[in-house]
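Trainee: Below, each chain spelled out in residue letters.
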Amino acid sequence: PQSHTPFNYPLNYHLYAPTPPPHMQPHLSGNEQNSESLFIPNKLRETLTKKNEATLKTFATNQPDIVGIYYDLIPLELDGSLDRYSSTYDHDSSIYKAFSNANGKPYALRRIENVNFPKDKAVTSINQWTKLKHANIAQVIDAFTTRALHDHSLIIVYDFYPDSKTLEEYHNPRVGKAEHITEELLWSYLVQIASGISAAHEHGLPVRSVSTKKVIVTSQNRVRLSDCGVLDILHYTEDSSDTQLSMEKDLIDLGRLILDLASPRFAPAPKSSPDLIRLQSSSLKEDLQTALKYLLTNQPNKSIFEFQRIISNKIVKEFEKIQTSADYYEAQLTRELENGRLVRLMTKINFVLERANIDYSSWESAGAKYPIKLLHDYIFHQVDENGKAVLDLSHVLRSLNKLDVGIDEKILLVSNDELTCLILSYKELKDLIDKSYRELINS
Amino acid sequence: PQSHTPFNYPLNYHLYAPTPPPHMQPHLSGNEQNSESLFIPNKLRETLTKKNEATLKTFATNQPDIVGIYYDLIPLELDGSLDRYSSTYDHDSSIYKAFSNANGKPYALRRIENVNFPKDKAVTSINQWTKLKHANIAQVIDAFTTRALHDHSLIIVYDFYPDSKTLEEYHNPRVGKAEHITEELLWSYLVQIASGISAAHEHGLPVRSVSTKKVIVTSQNRVRLSDCGVLDILHYTEDSSDTQLSMEKDLIDLGRLILDLASPRFAPAPKSSPDLIRLQSSSLKEDLQTALKYLLTNQPNKSIFEFQRIISNKIVKEFEKIQTSADYYEAQLTRELENGRLVRLMTKINFVLERANIDYSSWESAGAKYPIKLLHDYIFHQVDENGKAVLDLSHVLRSLNKLDVGIDEKILLVSNDELTCLILSYKELKDLIDKSYRELINS
Amino acid sequence: LSQMSERTPLEYPSLPRSNDSYVDVDDHEVPLNSIGLPYYKENLLSAWSSQAIFRSAGTIPKNIDPTKFDDLKNIRIDNSNTVITEGQYDKEKYGRRNQAKKYVSLSNGDLGRFLSAKNVSSPLKKKVLSDDSKEQIFDIKKGNPPNAFKKLEILYSKFGVEDFDFDSYNSTYFSGLESHVDNSYTNALIQLYRFVPEFFSFLVSNLAFENLHSNDLLRELGYLYDMLVKSNGRHFRPTNFQHNLSYIPEASQLGLIKKEILASDGSSDAQRLKVFNRFLLNKISYDERKQNYHSQRPNSFDKIFGIEIEVQKRHSFSSNSLRDLEIHHSLDAFLTDNHFKQLLQRNINPTIITFLEASMSRIEQIKNEHGAFEQSKIVRKIPPVLSVDLHLSQAHIKSIRTTKDWLKAKFYAARSNNGYVLVESLRNQDTSEFYQQYELVGFVAEISGEIDKDKHLVTFLQTYDETNRTKNWFLFNDFLVLPIAEEEALNLQYWWKTPVTLVYRNTSTDSKFCYDGWKYNINDEILYRDHFAAGTREGKRIEYELLTKEEAPNPGTLVAIDAEFVIIEEEQFELKSNGSRSLLKPSYQTLARVSVLRGDEGPKFGVPFIDDYVVVHEPIHDYLTSFSGIEPGDLDPQTSNKPLVEREVVYRKLWLLLNLGCVFVGHGLTNDFRTINISVPKSQVRDTAVFFYKGQRILSLRYLAYSLLNKRVQTGNHDSIEDAHTALLIYKEYEILKSNGSFEETLNT
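Residue numbers (the working numbering), protein chains in the order written: chain A, 1 to 443; chain B, 1001 to 1443; chain C, 2001 to 2749.
It is possible that part of the hints are untrue.
Computed cross-link-like contacts, DSS-like style, restricted to lysine-lysine with a CA-CA straight-line distance of at most 27 Å [what the hints assert, rightly or not]:
1. A:K285 with B:K1131
2. B:K1051 with C:K2062
3. A:K317 with B:K1133
Simulated from the structure, these hints should not be mistaken for laboratory data.
Build the full structure now, drawing on both the sequences and the hints.
Mentor: Below, the structure written as structure tokens:
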């Protein structure tokens, strides 16, 4: 029973691979490496681990087991608010994480309570959104109504972005430290959100939910429009005349969103306050002011596409940044994949070597395992000229990597008694290990 | 005692979760899952493994051991050509992969043979390029001349992009299958290359090497300008009047590059053939034709920035695509988070165990290392009731993870001769290994 | 709300794969984090301190050449097709098992070797070798040859070769030889013979004779030895000797020519040196006979080096025999495999004496198309100087390393019917009169590195110090000269040290170094006549007036000199992106014109008596016309209208002036002398560039002429007569300023 107590506390990730405080961190130059520089950076690892945990997290609730095809519902407090009433929707509303029975993946479920539809067709309007796939729009999956929650609820299903927060929560949290906002970050948001909006508008869909409460941060500096399609259903009409107006409003909302973020205390201004006056009184640089002015001013033929032409140089910059970060992720992924292979390789070597009743110190007794044993020593038991152990993790990784790839480079393996030596390539050694391992399987 | 059953120590932390979005699997119905969607897609793994191999590959050559601070030179035939003469440079030229003595990283070395400089300063002109970092430009690192290759060679050092190919080699290889070219791909190239060019022009640098022979494909659909800075050195002049002309030529070269790729047999047209006639006779869609026409036509105030404004809607599309692939890499990375930890753990155990001149089979000779040796056997040398080896990775990982944390669960370790046994907890074993490891450091 | 506060512990859903299922190692579809960690609140075992820093990234890997190991055999593993090479491991050479290779950074340049970096106020100030740097170059580390034995590189700063701190490599009065020169492997042998008094005196005395044959090594080696002595501990560059050697066809045929390139071609210098040894001695013998052909002088070289060998061929199946007497100049010493095996069986470790004795009487069975012969080669007379080339197998080398005192500093030789009997020491006083004592002068040894490319030749030499009456050993490694203990010099137990060529000399007869042997009967005729390479004075522009016998130079005679050069090979340099330019090798210049003017007061003051243009046989890269005044065609006998002579002619003139005691006046003479390849003692040099040396700046001739003489010179192409004349006037002005005490004042204005 006492064993259950610790689990109430979150893990301290720094026990996993401790990083000293900045002033204690050794300065590494050129050829120097330490365990941190050899593996995935702690911060990234922690972020990703938290995502994994956010996806898996569940606790016992009084929620029904199954809603539609979704199970294991747990409520999320995305906006940090316990107040169920949403002024945007004029309904009580909440959001859940749940797993799909169809594919086992986690999804986010937006629930609007006690709905009453003028037309059944309203729900099918979601299909326009489900077809739209875009990196800056939280993917819409499905919509249905259900009585499983003891009322007539509308459920709209989205992809689940673990550990994501709304812009408001991210930059003005009720608890914890707010993320700092720079003008560069504002541009990044502007370009990304405009990108999402333009995709929607291209499909004839106004977004209707461009606000700091509805745009979510899913990764470092990556934002997505969320809750798309809800108002399309709630305010369903077959009259398409308001589409153009709503689209124009999206642009103004986008301008306001950036203005809100830029304001010192992150205070959304009262709706009555004229946006353009707020803009002029802000200390934003000229290029950003110009861009926002376009968004906030009424003018003929205004469109998100025209806006993107105006800010094309900023889009190009964001394009470069995101490419760089894709490259960064690719590089990290490559490294971790390597590590995965190295673990398997080390496991094989350890499976094969030092099994009881074999003397590994000579050809006669160990056969093919003799060179493997010498290789093991070569990798792990380096010494300096005085015979002192050299514990060099980077040598281990380098050698194992070469072995894993099986390159033709030759190495010199010296016998225990230092009288004879073997000259063979990593490739040959890799084959020997494979062979010994297969023999072990088939023995 | 029953309180120590493993169930009190659930292995609940740092698990992998179903990958977060984007979900990029092929269309599968319902609960039909293939390994590609459940785990890291094989093709990506293969690609990344290949890159790893390309990076590590060495072979015996008659190259000198060391050029500048670079060693282990191996020639690359990036353009698949054995002809050393480069008409671009009007010199014999070749390219090598080598490792840097300064940091152990691989680099690509472009060699221009038998150079003769009017001014020593020419080489310093590379510094303008080394400062420029951009996702669509192969990073320029350094330049120097050397006599180590038995002539006076100019060497320009770039980041090494493993397994990369020139556009020509990629889409029109001498052997193997060519990658198919769609108009969408052409747009993608156009946007990326334009992005690289605009970064260079912003720094006042003409690229001078925009061609299918000089643009390289470094990942799926990712291209980079390469060999930048070579002509700046070879044709060094302090007269800056040709900069503007060269920049305008970059635009025409970009147009020609896309035209070349679009032509059915990938046939670079003879220089005499008027580009605009080639363009009109092509079957390209109107928007692409318009874009290329801008590039190929002489007009006042023509610039890459203006061009980017014109194609801003395409840039937005590429921006979206690259975001998706960054998200995809990030998502894949969440699966591979524990690999590094296991490598570090296994390395520690292997550092400690089986060092020469110690008999690990008894307390007397091995001391604290005796139980560690028995634990090693427990983890890696499991057998079934017939004495056949059980090679179960999950047993290995489970035991290693318990050891890593050092839980109180006790295990039974049996001596080699099966006559005595030890009962120790993972915690005690962890402490023993830690102690042995410290002794090794301080020995 | 009450529900929320009573949260139950976190749970995790079951995963697609159960933790308990068997997982195959090769099943890459199972991520490793499908198995989780238990809850933790302490550091994990897998955590590594970030203070542990690994420095191996960028370490240049060892190259492994499988053929370099002994007792190689292929081992087939478990009857499979996998074959693995196994060899013997030499721990001494390669270090401990699994020894981590140390990281060495390539970017830390060796600035310490430049004078300009040493804050030395004048380039002429001699630096004494500090104890620190001494230790650095002579530190015998276990396993590796000490730095002093390794191949040394001359580094060039932007100031050229003069900036390299040669003096830190040599604090003795013996001159070292520079390494960046063609055939520099011969340096080891040149130094070896330099310390054989019989040979040295023979060569230097021979310089008295006028010998203008082309490619004559007898003369050139004589010049070289004279210059080495005159250099008095400063480094010397044997360019003229090597130039002559390179143009001898036979030397090329024997593969002795090794152009100075930066990378080695991999062939063994030790092997080449033994061939060179035989070639050199034969060539000198030949050159002497050629030189003395028309005179009645006796040949003396063969008396110093000639080994008389009786060769007898006996037909196996008849009593026919042929007897012949051969003269060799060096002894090829080796043991046959059979002989070696027999010795080992008898538990006898052969020493150098065993090798020598066996090589002095040898019987071989020969089979060829003429039938089967028994051939005996018996040494009938060993010369005063015995030069020995060692031919060693791997087994021999191994036995040398394990034999203490393999190399003997002396032995005693007595003639017998079957060659010679050699003993290490004389036990029986009665027989001592039959024995002659031979002492080791020195030997050339091959120093190996881990890879073949590092192989290199050095010389160990014993010298006799006449003032202290002591014998001292020295190491000569190109421009490095260091005293070394006798035990260390003779120690051959290191894996990296193998003897190649040895010289013993008979100490029964005392022989001294005769440093001025040229003095007697010196022939100075060349100073008083023309000796054109082609044609006569007719049609030539002659701007000089030959010296008359009345003007014969005496010690102290003042002459003004200036030389012009052309470039055969341009300089080699490397550029870096930080703008630095590093010189790898200065341009190869060759002498094109020398002008020498009368410098003593008198009616002919300033009148040239030598103005020789020099034939250049190589293709010329750059005539440097604006500096040298030399035009294309000037140096070709077919086309030139200049007084053109062969280099050995002008060199003899200058050498005579030097040895007759002339004092040379000129501006910036260091480079002139270096390129002419002459070493002039300081007491015979008056260099105006040195007198007017200010701060770090050398003042140009043009500037000095303008400011001191109010004279404009070098307005067009340079002319060596004009420049020598200007320097002479500046020197005269200097003397005036110096004598009236206003020199310092003038220099500072």
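Trainee: Next, verify each hint and record whether it holds.
Mentor: Do the hints match the structure? See the list:
{"no.": "1", "hint": "A:K285 with B:K1131", "result": "26 Å, holds"}
{"no.": "2", "hint": "B:K1051 with C:K2062", "result": "25 Å, holds"}
{"no.": "3", "hint": "A:K317 with B:K1133", "result": "12 Å, holds"}
Hint violations for this structure: none, all hints satisfied.
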